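**Student:** Residue-level listing of the chains:
2 protein chains.
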Amino acid sequence: MRISELSAHAGVSPASIKFYTREELLPAGERTGYNQTDYTQAHVDRLRLIRALIEVGGLSVAAARDVLRAIDDERMPLPHVLGEAQHAIPKRSTPARAESVQRVVAAAAERGWCVSTDNPGVELAAGVLDAYEVIGRHDLTTTLPQYAAAAELVAAADLDALDRSGSREAMAETVVVGTVLGDSLFAGLRRLAQQAETHRRYGTPENEEKKS
Amino acid sequence: MRISELSAHAGVSPASIKFYTREELLPAGERTGYNQTDYTQAHVDRLRLIRALIEVGGLSVAAARDVLRAIDDERMPLPHVLGEAQHAIPKRSTPARAESVQRVVAAAAERGWCVSTDNPGVELAAGVLDAYEVIGRHDLTTTLPQYAAAAELVAAADLDALDRSGSREAMAETVVVGTVLGDSLFAGLRRLAQQAETHRRYGTPENEEKKS
Chain Y
1 MRISELSAHA GVSPASIKFY TREELLPAGE RTGYNQTDYT QAHVDRLRLI RALIEVGGLS
61 VAAARDVLRA IDDERMPLPH VLGEAQHAIP KRSTPARAES VQRVVAAAAE RGWCVSTDNP
121 GVELAAGVLD AYEVIGRHDL TTTLPQYAAA AELVAAADLD ALDRSGSREA MAETVVVGTV
181 LGDSLFAGLR RLAQQAETHR RYGTPENEEK KS
Chain H
1001 MRISELSAHA GVSPASIKFY TREELLPAGE RTGYNQTDYT QAHVDRLRLI RALIEVGGLS
1061 VAAARDVLRA IDDERMPLPH VLGEAQHAIP KRSTPARAES VQRVVAAAAE RGWCVSTDNP
1121 GVELAAGVLD AYEVIGRHDL TTTLPQYAAA AELVAAADLD ALDRSGSREA MAETVVVGTV
1181 LGDSLFAGLR RLAQQAETHR RYGTPENEEK KS
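These protein sequence lines are chains Y and H, in that order.
End of the first sequence = 212 in the numbering used here, gap-free, step of one.
End of the second sequence = 1212 in the numbering used here, gap-free, step of one.
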């Protein structure tokens, strides 16, 4: 198909298609003549994946390129693909304090997790503990293990989805998409659960007013 | 204290202090003379909170202003403060498809959650389902309830932390900080749990090599 058809099918402008090709996120189409390039359904699928990663998952173009390369590299073992997907989170400029890193590692050890200290989740979680510390809140002693128990359920769900994916390429895509989009999916459900739990414990504000 | 001392204590530049004051995130200091303003410890604490929300939580200045106003408004009931904090997530330009919204609402109903349809979590989660749909993946039938069960644990942890906070102001701050920073904390722990679960199910790539 022509670039105009590809654009219509994938919902991506021709300018963006050219940009993603230049940035090596999208393979080039086949040159079939002067100023004419032929694209296939694989290009449509790839463009939709790019949009999901960047627009919904919030990845940078560079981060999207890294994870797409991991999907495409057939010799890369799946745990490594997962590592690439896990690293596709915005990095903070200041490293977390050693004490916070230690607390995260200890929370992981308490659950019997076998993890490496360069897992990007350590810095991410430790940065949050730092922020709590700075604003004078140290009340995460109970919260941290509760969150860790919930994270275990989500990780099991992520791996279950992987087992259902089938081919190596489908599995690699599931790892990447699931890791990147899973954060947003969970954040959404967490907000619903918070409202439900608030309602369960305290009733709605309207009910409170009726009671008084 | 002078603005230079405030800057040193909070780790925020004088230019940013003036910016946050203009943007109404930080109350103005007390004018004590020509070109001289006096600040208190409350300003230090507020600046640290602002930094945590913006730099670690990733809030926009406008979103931070909204949640800080909710903290400061002593007549606002806590469930409303929670609502403000929940809304402080980046909005997408295109609304989610009705079918995806329906799937999220159904997943919430299945857990017996009492939620309003304007909860921002609905759009957030439905947007992710949309993205999955667009890339041809419909395999969230099992994942969605598993994530919802985990979200319930996290929401309970969030509300437990709230119960421990004490004063109304401390509770309001806990609601806001916990909602905004909790997403990152969970995302970090999820990455650790994923690695641990991968290791548990498949062993490390090194072990795989040794086995063969």
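None of these hints come from the bench; they were simulated from the model.
On a predicted model such as this, the values are computed, not experimentally measured, just so you know.
Errors might be hidden in some of the hints.
Interface residues of chain Y toward chain H, partial, derived using beta-carbon atoms under 7 Å [said to hold, decoys possible]:
# : residue
1 : A15
2 : P95
3 : A98
4 : E99
5 : A148
6 : L185
7 : L189
Backbone N, C-alpha and C define an ideal beta-carbon position, used for all residues, glycine too.
**Student:** With a cut-off of 7 Å, does the beta carbon of A15(Y) approach a beta carbon of chain H closely enough for the hint to hold?
**Tutor:** At 18 Å from the nearest chain H Cβ, A15(Y) fails the 7 Å test, so the hint is violated.
**Student:** Have a go at the L189(Y) hint: is there a Cβ in chain H nearer than 7 Å to its own Cβ?
**Tutor:** The hint holds - L189(Y) has a Cβ within 7 Å of chain H, the shortest such distance being about 4 Å.
**Student:** Tell me if the interface restraint on A148(Y) is satisfied: Cβ within less than 7 Å of some Cβ in chain H.
**Tutor:** Result: holds, 5 Å to nearest chain H Cβ.
**Student:** Let me know if the C-beta of L185(Y) comes in closer than 7 Å to any C-beta of chain H, holds or violated.
**Tutor:** Status holds, d = 4 Å.
**Student:** Any CB of chain H closer than 7 Å to the CB of E99(Y)?
**Tutor:** Violated: closest Cβ of chain H sits about 16 Å from E99(Y), beyond 7 Å.
**Student:** When the nearest CB of chain H is found for P95(Y), is that gap smaller than 7 Å?
**Tutor:** violated (13 Å)
**Student:** With chain H as the partner, please determine if A98(Y) meets the hint condition of a C-beta pair closer than 7 Å.
**Tutor:** With a minimum Cβ separation of about 16 Å from chain H (threshold 7 Å), the hint on A98(Y) is violated.
Of the numbered hints listed earlier, those contradicted by the structure are 1, 2, 3 and 4.
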